[in-house]
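Trainee: Each chain is listed here by its residues.
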Amino acid sequence: AQRVTQPEKLLSVFKGAPVELKCNYSYSGSPELFWYVQYSRQRLQLLLRHISRESIKGFTADLNKGETSFHLKKPSALVSDSALYFCAVRDWVGGANNLFFGTGTRLTVIP
Amino acid sequence: DTEVTQTPKHLVMGMTNKKSLKCEQHMGHRAMYWYKQKAKKPPELMFVYSYEKLSINESVPSRFSPECPNSSLLNLHLHALQPEDSALYLCASSQDVAGNYGYTFGSGTRLTVV
Chain A
1 AQRVTQPEKL LSVFKGAPVE LKCNYSYSGS PELFWYVQYS RQRLQLLLRH
51 ISRESIKGFT ADLNKGETSF HLKKPSALVS DSALYFCAVR DWVGGANNLF
101 FGTGTRLTVI P
Chain B
1 DTEVTQTPKH LVMGMTNKKS LKCEQHMGHR AMYWYKQKAK KPPELMFVYS
51 YEKLSINESV PSRFSPECPN SSLLNLHLHA LQPEDSALYL CASSQDVAGN
101 YGYTFGSGTR LTVV
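Line by line, the protein sequences are chains A and B.
If you read the first sequence in my numbering, its first letter stands for residue 1, the second for the next number, and so on.
If you read the second sequence in my numbering, its first letter stands for residue 1, the second for the next number, and so on.
Just so you know, these hints were derived from the structure itself, not from any lab.
The C-beta atom is built at its ideal place from N, Cα and C for all residues, glycine as well.
Treat the hints with care, since some could be wrong.
[What the hints assert, rightly or not] Facing chain B, according to a computed beta carbon distance under 8 Å, are these residues of chain A, among others:
1. R49
2. H50
3. N97
4. L99
5. F101
6. T105
Bound-form chain A, shown alone (with noise of 0.2 Å):
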């Protein structure tokens, strides 16, 4: 089965620091990798999938298969990056997909 661990429960920096979050994953295939973002009072929404290779609000994501690592990377943090971080990997159980998520880094930015 696949599964996610983001090592960090809480992560602070200061506005305009860089910021990384770490993700690591287990599969014996190739995984379909996710991150989500879950701002106060909003719902969970997402950031960006691996497989597009994309940067969404200046948040980037490579997949490092090498250390099995799907670390989400941002080079100047703002304050309204301050959010709940999920680290998700897609897995086909019973006939259907589901998304395991990992249990989150909190990004506080400060001001």
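Following the hints, position chain B against chain A.
Mentor: Same frame as chain A, but now just chain B:
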């Protein structure tokens, strides 16, 4: 319409009550999901519907009963719940059953069992 709509937003129910949570999407998504999220924890899968058929039941107690009347609606019927069932219940949908484009989540129903 690019949203998943959940009602009600808040629900307080007694342990002997019967209530239902509703979820609706009009994006033509073919898979819909129920997740349970406790405070400061990640969402945990409860049920998956693909093409209106139940595909996964992650060993959820029978006091939770899902229903998918059509491709746009998903219900979660609740009966004889316990206080530990208090949580945020999230509905999600995905464009295809493989979830290649990610999931769209609703804002959730915050359930309190008293």
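Trainee: All the hints need checking, so say for each whether the structure fits it.
Mentor: Okay, the hints, checked on the actual structure:
1. Proximity of R49 of chain A to chain B holds as hinted, the smallest CB-CB distance being about 6 Å (cut-off 8 Å).
2. Hint status for H50 of chain A relative to chain B: violated, with the closest Cβ pair at about 11 Å, above 8 Å.
3. Restraint check, N97 of chain A versus chain B: the minimum CB separation of about 4 Å is within 8 Å; hint holds.
4. Satisfaction of the interface hint for L99 of chain A is found here, the shortest Cβ-Cβ separation to chain B being roughly 6 Å, below the 8 Å cut-off.
5. At a threshold of 8 Å, the smallest CB-CB gap from F101 of chain A to chain B is about 4 Å, leaving the interface hint in force.
6. Hint on T105 of chain A is violated. Least Cβ distance to chain B is approximately 11 Å, over the 8 Å limit.
Checked against the numbered hints above, the structure violates hints 2 and 6; every other hint is satisfied.
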